[in-house]
Amino acid sequence: MKPILSLVVLGYRNFKTVTRGCLESLLPWENHPEVEILVVDNGSPDDSADLTRRWCTSHPGFRSLVSAENRGFAGGMNWGASHAQGTWLLLVNNDTVFPPLALDALLRVVQAAPAAVAMLGPVTNAAGNGQRLWKPEASLAQWLQIGETLHAHPTNQLMPAYRCDFFCIAIRRDAWEQLGGLDPAFGLGYYEDFDFSLRLRAVGLEQMITEDVFILHVGSATFKGSKEARALIKRNKKLLQAKHSAARFEHTRLGNLAVLARYEELRRNGLWTPPLQLRAGLRTGALEGDAPRSVLKRWLWRRKVRKVFA
1 MKPILSLVVL GYRNFKTVTR GCLESLLPWE NHPEVEILVV DNGSPDDSAD LTRRWCTSHP
61 GFRSLVSAEN RGFAGGMNWG ASHAQGTWLL LVNNDTVFPP LALDALLRVV QAAPAAVAML
121 GPVTNAAGNG QRLWKPEASL AQWLQIGETL HAHPTNQLMP AYRCDFFCIA IRRDAWEQLG
181 GLDPAFGLGY YEDFDFSLRL RAVGLEQMIT EDVFILHVGS ATFKGSKEAR ALIKRNKKLL
241 QAKHSAARFE HTRLGNLAVL ARYEELRRNG LWTPPLQLRA GLRTGALEGD APRSVLKRWL
301 WRRKVRKVFA
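Position one of the sequence shown corresponds to residue 1 (full-length UniProt numbering), numbered consecutively onward.
Among these hints, one or two may not hold up.
[Claimed, not checked] If you anchor each label on the Cβ, the simulated ranges turn out as follows:
1) Met1 / Phe309: 40 to 50 Å
2) Gly204 / Glu69: 50 to 60 Å
3) Glu24 / His251: 32 to 42 Å
4) Gly204 / Lys237: 41 to 51 Å
5) Asp104 / Ala280: 21 to 31 Å
6) Ala280 / Arg248: 23 to 33 Å
Simulated from the structure, these hints should not be mistaken for laboratory data.
Even glycine gets a Cβ: it sits at the ideal position worked out from N, Cα and C.
Can you make the complete structure from the sequences, with help from the hints?
Laid out in structure tokens, this is it:
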């Protein structure tokens, strides 16, 4: 029987300090009959490839795939996905940690997803869109506890997303194959997820946020913040604009407001529940916390917020 969910965990360098933590958090699902876990080492220049092989050998429910070269984020994920068998792919960056019940919750969500929904993004503590929840004072340990609570109290609702952040993303295999995976033209990384989101929209498929699945995002473990990264971000943004001239580069606050607007719609229709209230408590603080700094922009922002809650 083929698995429902194939995880492709992409690692590059720092196995002991980054990738191993992600893999250890996935151990509860090592022998799950509906889950397949592939671990890709993307041409690491350190000893991570060997450590990946050895770790997976000692945990037979994990399969290692070692690339001789750094294929970039898109290329690495494409290569890993080509070895997967699941109905859904779950692309996983190695700087993530899965709280208890995370994959159980995701399996329920993907199996119940409408046919038109081809991509589902979990919520998290750190993302550049509406997938991010707001509790800036929380520690990583506290976020894991929050995630466990969300998994235990599902809403069974999907929230709107203009684009999805690929720190962890579930994609229907048939949609992935229809679009030919990620575009390797984006090189080592940045904006390939935005590009895929827009290409998905262009063929009439939907992407949504599932607030019933929380994945901890520890943060970039490669070269974010370096001179090379800044240059790559600039290059790839231009590439994205060339491919999608109408692309909107929205602030995180707009994605958060879109979810809050959906909350209000559910409330007005008499569909408000305690699990939704729980999630609202992890979003409303961002309305002020994310507000623009300039006086005029802040006034315009507050005006936009008032319209949602009028």
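Comparing the hints with the structure gives:
1. Met1 / Phe309: 40 to 50 Å: holds, 48 Å
2. Gly204 / Glu69: 50 to 60 Å: violated, 36 Å
3. Glu24 / His251: 32 to 42 Å: The hint (32 to 42 Å, Cβ to Cβ) holds, given that Glu24 and His251 are roughly 34 Å apart.
4. Gly204 / Lys237: 41 to 51 Å: Violated, since Gly204 and Lys237 (Cβ atoms, about 26 Å apart) do not stay within the stated range.
5. Asp104 / Ala280: 21 to 31 Å: holds, 24 Å
6. Ala280 / Arg248: 23 to 33 Å: This hint holds: roughly 25 Å between Cβ atoms.
Figure legend: structure checked against the earlier numbered hints; hints not met, in rising order: 2, 4.
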